[in-house]
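2 protein chains.
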Amino acid sequence: MKVVKFGGSSLAAGEQIKKVFQIVCEDPTRKIVVVSAPGKRSNEDRKVTDLLIQCAEKHFGGENCAEIIEAIFCRYETICIELELPMSIVESIKEDFAERLMGGYKDKFSFYDRMKACGEDYMAQLVACFFQAQGLQAAYINPKEAGLIVSREPGNAQVLPVSYEKLSNLKEKSGITVFPGFFGYSEEGEIMTFSRSGSDVTGAILAKAVQADVYENFTDVNAVYSVNPAIVLNPKEVRELTYREMRELSYGGFTVLHDEALIPAFSERIPVHIRNTNNSSAPGTKIVSRREEEIGPVVGIASDHGFCSIYVSKYLMNREIGFGRKLLTILEEFGLSYEHSPSGIDDISIILREDQLTPSAESKIIERIKMELKADEVVIQHHLSLIMVVGEGMRHNVGTMSRASKALAEARVNIEMINQGSSEVSMMFGVKEIDEKRAVEALYREFFAPVPV
Amino acid sequence: MKVVKFGGSSLAAGEQIKKVFQIVCEDPTRKIVVVSAPGKRSNEDRKVTDLLIQCAEKHFGGENCAEIIEAIFCRYETICIELELPMSIVESIKEDFAERLMGGYKDKFSFYDRMKACGEDYMAQLVACFFQAQGLQAAYINPKEAGLIVSREPGNAQVLPVSYEKLSNLKEKSGITVFPGFFGYSEEGEIMTFSRSGSDVTGAILAKAVQADVYENFTDVNAVYSVNPAIVLNPKEVRELTYREMRELSYGGFTVLHDEALIPAFSERIPVHIRNTNNSSAPGTKIVSRREEEIGPVVGIASDHGFCSIYVSKYLMNREIGFGRKLLTILEEFGLSYEHSPSGIDDISIILREDQLTPSAESKIIERIKMELKADEVVIQHHLSLIMVVGEGMRHNVGTMSRASKALAEARVNIEMINQGSSEVSMMFGVKEIDEKRAVEALYREFFAPVPV
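From first to last, the protein sequence lines stand for chains X and F. Residue 231 in the UniProt record's numbering sits at position 231 of the first sequence, with consecutive numbering throughout. Residue 262 in the UniProt record's numbering sits at position 262 of the second sequence, with consecutive numbering throughout.
Honestly, the hints are just simulated from the structure, not real lab data. Accuracy of the hints is not assured; some may be wrong.
As the list claims (entries may be wrong) - Calculated pairs, SDA-like style, for lysine to any residue (alpha carbon to alpha carbon, straight line, at most 25 Å):
1. K406/X to S402/F
2. K374/F to L373/X
3. K437/F to K314/F
4. K314/X to S289/F
5. K286/X to G306/X
6. K18/F to V90/F
7. K374/X to V162/F
8. K31/F to G14/F
9. K364/F to G322/X
10. K374/X to R152/F
11. K326/X to C308/X
12. K374/F to H273/X
13. K108/F to E57/F
14. K374/F to Y164/X
15. K326/F to K406/X
16. K286/X to S168/X
17. K437/X to V162/F
18. K314/F to T329/X
19. K173/F to A138/F
20. K314/F to H273/X
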């Protein structure tokens, strides 16, 4: 049994929904279909969810939102016409929408959540209706009825463990179940949405609940690439990634899937298969708990910029029990989250995202570290990029570091820092931002294929 | 003006003290001579300080210590005979010794300190006497008279800032001043000894007080070596090291000088010159604040074993503000001092000396990390060695890491971890203990010279 989730671009127009239908028909084990709200049809288009948020905000602020409402309805009308569905569906959508908009609410955020959730909910109804019209046994199910109970945290709901038993009954349903993504219901019966990538969360929860063989996640890319296509043209596709590799790559700017969203699937070791709605014959990328086949030490190279380092040195730092902990406590008191802390004997560097720092916070931090820890030197270096070279195969591969550092040296990239923990699923290089592109190209050349220089 | 310190092996016998005299005569700027207690004359011999400690302990425990006292006196008598000095010196030593032994004391540790300090004190008197007998203008000075005032911490005294002004008067003395190392006086007038390498501390304090041009430290080695001679036969000598390089090297098992002892000299940027009493024409090794000449990226390779790593992984660890700090707090509560903490995205390894861990502490630590931090996995890996590749020249030398990791790969050494902070004075490699020797040889071969394999 498969749980299949379709993203917004796969549902942006009638043409796309027909592809979804084809995909669902192709494989009779695709029993549960999770849908997002309609996405963009072009770069200039707006996502329905964004329109809904704007509408909720305007309405809450007492502003007129007739135009936005019109735009939202228009999207569903257009899809109905494209799919030759009866207009009565749009009428019932309009009715429901008016009720949601005018109904009472406990607070602003639960009102927003109720409005935001429309996009997926209506889409699921439309898709179920279309499937039925094509002669497929299919039914929309409401998350409340299905038993998707979540914590009362508007915009950041967490699934409650009690949900899984109830949701597991979906296994027994005959035909296709069309499930709206992005939201569940609190125990008091209010609509609560998940955080980012909420439809991915719904799919992962359902995959866990029904113990799916695979969780298929249809997007608009053929696969996860071994390197950012904006840096290297037509990079190699990755066929299979482990969860850990995926996580390390997603850290370095890979944004195909939101890793947190997949936790329910990961926790049950259910493979996640990333596929392309617009090219369903492409093999896609499978994310698995363990890779069967060895495909070389490195599966991907990710990079991200916007980091800085706080360098602290103090003679005999190494002898001071608690120095590192005290330093991290100061940073925590400034609300700073750090990424790494490579260290020498008498120095330590804390790497963090620089957008967390304002110039005034910077000078306060330097001041406190100097005063409280009696550091000899505190220097903040800006404009750093981190490059992750990722692969489970590195684990016992003598020489991967040698190849990587040789490639960087030949590209005249100075390595500002290296952090390789004992996990050996990744190596991290810190370089200056201006060297990032050249460094990634050099590493790609070394581990994958020639790159035109 | 130079402050010159001679270690125990340079003063172990009359023959050695004649060399000391030669060295002092050779250079008229050698005005202040700091002496240790007589060291070993052969491998089977015992250091006078060790005899003194044993004597103090026995006496305090009410045991008969006549034999040990005899052995102590015998050392000074022998030296007197070898140097053709009047036996009256030994008589006055015996008198003083009896007074110290039988005198009152506040506590055990201050009694021990008073006894331990004899070795240097008598040596300084003897040396001054010998210098005078050779026609040199020389005088013993007592640290109390000179103004070396220290904190009342037996065995771990710290110099008090007030000392420096008084000690600076030593500059004005004509002739040679012979100063006993290892101890000072508390404000109440009790003898207090420094911790390890106490004579080095005295020399560094005097160098600072008189603003010496150089602090010469005479030992029994020609120089600091670029690598441990027990691993590589006849390794290259190092001519000039910066303080930071010295410190990084001393961390990795280099024990020529106790780095903490040199702080007073370092703080004033006074060069420390390590030389050999038995080969005073050898150029030795200078430790300076800044090296003038570039001598390649790497100046030395140090290694030490007996480390372990605590590996902690948790999915999405990276998003958790405070995770690292909490982990370090747990270790601190077990009294553990850690060396490094290389990290991946969702894992972190804490490297520490394994002699700090007992099996029962280990399981408690694992338990707490799992419970309190909800870690997915906690694994302790034993028998690791750390290898430091050290050199200020690495700083902007693209390719040093490449050369080092290539050398290790070719020697089939798997790199368990790498930690390179932004200081770039050193690169640290973690390897399995069984690979340490092979790894150090490979690195030496790469950066210095061929090694017979």
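To see whether the hints hold, each was checked on the structure:
no. : hint             : result
1   : K406/X to S402/F : holds (5 Å)
2   : K374/F to L373/X : violated (30 Å)
3   : K437/F to K314/F : violated (34 Å)
4   : K314/X to S289/F : holds (15 Å)
5   : K286/X to G306/X : violated (30 Å)
6   : K18/F to V90/F   : holds (19 Å)
7   : K374/X to V162/F : holds (21 Å)
8   : K31/F to G14/F   : holds (21 Å)
9   : K364/F to G322/X : holds (20 Å)
10  : K374/X to R152/F : holds (24 Å)
11  : K326/X to C308/X : holds (20 Å)
12  : K374/F to H273/X : violated (28 Å)
13  : K108/F to E57/F  : holds (9 Å)
14  : K374/F to Y164/X : holds (22 Å)
15  : K326/F to K406/X : violated (37 Å)
16  : K286/X to S168/X : holds (24 Å)
17  : K437/X to V162/F : violated (57 Å)
18  : K314/F to T329/X : holds (20 Å)
19  : K173/F to A138/F : holds (10 Å)
20  : K314/F to H273/X : holds (23 Å)
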